[in-house]
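Go by the hints and put chain B onto chain A.
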Amino acid sequence: MSEKAEASTAERVWLSLGFLAAFAAGAYAESLGFFAFAKNNPGDIWYLFKEHCYLVGVSSGIAICIGVPTGIFLTRGYMRRYRDVILNLLGVLQTVPSLAVVAIAMTYVGIGKTPAIVALVVYGLLPIIRNSVAGLAGVDPVLLDAGRGMGMTPAQLLFRIEIPNALYIILTGIRTSTVINVGTAALSFLVGGGGLGDLIFTGIALVDPAYMLAGAVPTAGLAIFINWAFGQVEKLIVSPGLTYD
Amino acid sequence: MIELERVTKIFPGSEIPAVDSVSLTVPNGEICILIGSSGCGKTTLMRMMNRLEPITSGTIKIDGENILQKDVIDLRRHVGYAIQQIGLFPHMTVYENIATVPKLLGWDKKRIDERVDELLELVKMPAETFRGRYPRELSGGQAQRIGVLRSMATDPPLMLMDEPFGAIDPINRETLQDEFLKIQAKLKKTIVFVTHDIHEAIKMGDKVALLDAGRLIQYGTPEELLTYPKNQFVKDFVGADRSLKRLDLLKVKDAMLTDPVHCHADQSSEKVLEQMLSDGLNYLLVLDEEDRIKGYVNVDMLRGHKGVVGDVVHPMTITVGPDQNLKDALSKMLSFDLGIVVAVDDDEKVQGILNTRTMVSVVGETYDERGGHWGKITTGGKII
Numbered sequence: 001m002s003e004k005a006e007a008s009t010a011e012r013v014w015l016s017l018g019f020l021a022a023f024a025a026g027a028y029a030e031s032l033g034f035f036a037f038a039k040n041n042p043g044d045i046w047y048l049f050k051e052h053c054y055l056v057g058v059s060s061g062i063a064i065c066i067g068v069p070t071g072i073f074l075t076r077g078y079m080r081r082y083r084d085v086i087l088n089l090l091g092v093l094q095t096v097p098s099l100a101v102v103a104i105a106m107t108y109v110g111i112g113k114t115p116a117i118v119a120l121v122v123y124g125l126l127p128i129i130r131n132s133v134a135g136l137a138g139v140d141p142v143l144l145d146a147g148r149g150m151g152m153t154p155a156q157l158l159f160r161i162e163i164p165n166a167l168y169i170i171l172t173g174i175r176t177s178t179v180i181n182v183g184t185a186a187l188s189f190l191v192g193g194g195g196l197g198d199l200i201f202t203g204i205a206l207v208d209p210a211y212m213l214a215g216a217v218p219t220a221g222l223a224i225f226i227n228w229a230f231g232q233v234e235k236l237i238v239s240p241g242l243t244y245d
Numbered sequence: 246m247i248e249l250e251r252v253t254k255i256f257p258g259s260e261i262p263a264v265d266s267v268s269l270t271v272p273n274g275e276i277c278i279l280i281g282s283s284g285c286g287k288t289t290l291m292r293m294m295n296r297l298e299p300i301t302s303g304t305i306k307i308d309g310e311n312i313l314q315k316d317v318i319d320l321r322r323h324v325g326y327a328i329q330q331i332g333l334f335p336h337m338t339v340y341e342n343i344a345t346v347p348k349l350l351g352w353d354k355k356r357i358d359e360r361v362d363e364l365l366e367l368v369k370m371p372a373e374t375f376r377g378r379y380p381r382e383l384s385g386g387q388a389q390r391i392g393v394l395r396s397m398a399t400d401p402p403l404m405l406m407d408e409p410f411g412a413i414d415p416i417n418r419e420t421l422q423d424e425f426l427k428i429q430a431k432l433k434k435t436i437v438f439v440t441h442d443i444h445e446a447i448k449m450g451d452k453v454a455l456l457d458a459g460r461l462i463q464y465g466t467p468e469e470l471l472t473y474p475k476n477q478f479v480k481d482f483v484g485a486d487r488s489l490k491r492l493d494l495l496k497v498k499d500a501m502l503t504d505p506v507h508c509h510a511d512q513s514s515e516k517v518l519e520q521m522l523s524d525g526l527n528y529l530l531v532l533d534e535e536d537r538i539k540g541y542v543n544v545d546m547l548r549g550h551k552g553v554v555g556d557v558v559h560p561m562t563i564t565v566g567p568d569q570n571l572k573d574a575l576s577k578m579l580s581f582d583l584g585i586v587v588a589v590d591d592d593e594k595v596q597g598i599l600n601t602r603t604m605v606s607v608v609g610e611t612y613d614e615r616g617g618h619w620g621k622i623t624t625g626g627k628i629i
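These protein sequences, in sequence, are chains A and B.
Position 9 of the first sequence, counted from 1, bears residue number 9 in the working numbering, the numbering being contiguous throughout.
Quick note: to get the working numbering, add 245 to the position in the second sequence (first position is 1).
Looking at chain A on its own, in the form it has when it is part of the complex:
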């Protein structure tokens, strides 16, 4: 009982601090002319926001569709010996700065949304693959033995035992990747992909904080929202037997 009361006290402190920070940030943004700008150009911001969402949605969608199956593939018996090599290779690739990836994509695919999406997919893959591998490899071998001993086929083992038990870790990888993706997608502007990067980079070029914030605040908001949304999805689809309250 007292523990709960303490927790709620702590929560209240953090909440008030958050409000204070938000208020201070709002006041500061106001002084930079952010709200006036947003009020005058809601259509532009909304359009770019939708574009941004499109870039993130498509690229993360593709990254998930490639990343999770790759992770599954790398944990199958015959591939296990190559697993670490491939993961290390991907790790090295991840150290290439995102800006460079965007630039490289442009040299191969030209300009527009396509190079932006290609770059975002490539950049978003590693966390998904790595977590899928970690999640699946971390499933207790005893469970697999029990499943096999009861006559499950390899596919049944994968879908009924392995994935449900690895789901939490796989989802964490997807969440990390997507949230990073929201930030990286701002770079799409540089290859003509559009998105909120348009406002940010224009703002930087014009040294206009109102412009910059008009791009940065929705981007941050989107990232926070996606993070929260994935938290809700986790609660919904990860078995209660695997979580501790």
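Treat the hints with caution; some may be incorrect.
As the list claims (entries may be wrong) - Part of the chain B face toward chain A, derived, beta carbon under 10 Å: (1) Arg322; (2) Leu349; (3) Arg381; (4) Arg395.
Since the hints were derived computationally from the structure, they do not count as laboratory data.
Even glycine gets a Cβ: it sits at the ideal position worked out from N, Cα and C.
Same frame as chain A, but now just chain B:
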């Protein structure tokens, strides 16, 4: 029935066989214990029976059919499998765990529901309470029960169990073993049971197969292993106290002397005393007219007494049942100053008697060398 013929397992990259040409037959409805110290190949041998380990050479037949000729998935679905680490699926409820194999076999929901409830009933875990629980919400003993239930969900005639009661404290293990034996007495499954615990083997096994370094050293009933250990290894394995272990194994009715000398409560004290003195008896059992135990008398009680024996009889409160084991009987005998214990049935009718001499001959290391056997000792009228 499972028949193993020269079954051998050599792991890739190893020179020494993990299982070396083991041949044995497990008859239907019996529990066959595979026992040995760790690394002796007992688990490997068991895992070959549902082809979790490939067989290097030799054949395993289940009900006359070579398991290599069966579909491996189908084979495993029809052989119960329980393991030491339990391996309950943490993301599934108790219900879903038990329902695993029925679902694989495509049972309809109603049939599964009924079966799950029936199984939970079997181990006295209320279905309403436990059906929806997750494994992390179960105690160790409950989890092991569910693990065993899961392996018998489809009522498979053959079950493989790898130390199914291994991960549990001794008191709970005892309870589970008793429960399991009770269930087995009803269901009469053919069970291959791996353990390293000789007590468990003696208690649970109809047959015990002792393995060492992949070889089958001795295969027989627990009693055979204890009584006629084939060599020093078996002797060491079953333990120096193997004589005492036999007490666990034997029932009172196996060892008791039937038809002990006695008198009836309505006989005259003087006559009985005379008889006792002439036969050199110190004590005598007293029965009533329906052969129920009344108690006992000794010479001092009867001396000078006029009347019937029933008036002076000393009641006998400590008795055993014919189905109790000899360990309990010995314990009762030791708490009783006559050095005997009387076996009575549920109606208190005297079935027989155990004394220190019969006990010694049952447990004695030397009795087989003497050629004597507890079953052959007869009352002869002078045992008290």
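Okay, the hints, checked on the actual structure:
1. Arg322: holds (3 Å)
2. Leu349: holds (6 Å)
3. Arg381: At about 6 Å, which falls below the 10 Å cut-off, the nearest Cβ of chain A leaves the hint on Arg381 (chain B) intact, so it holds.
4. Arg395: Result: holds, 8 Å to nearest chain A Cβ.
Checked against the numbered hints listed earlier, the structure breaks none of them; every hint is satisfied.
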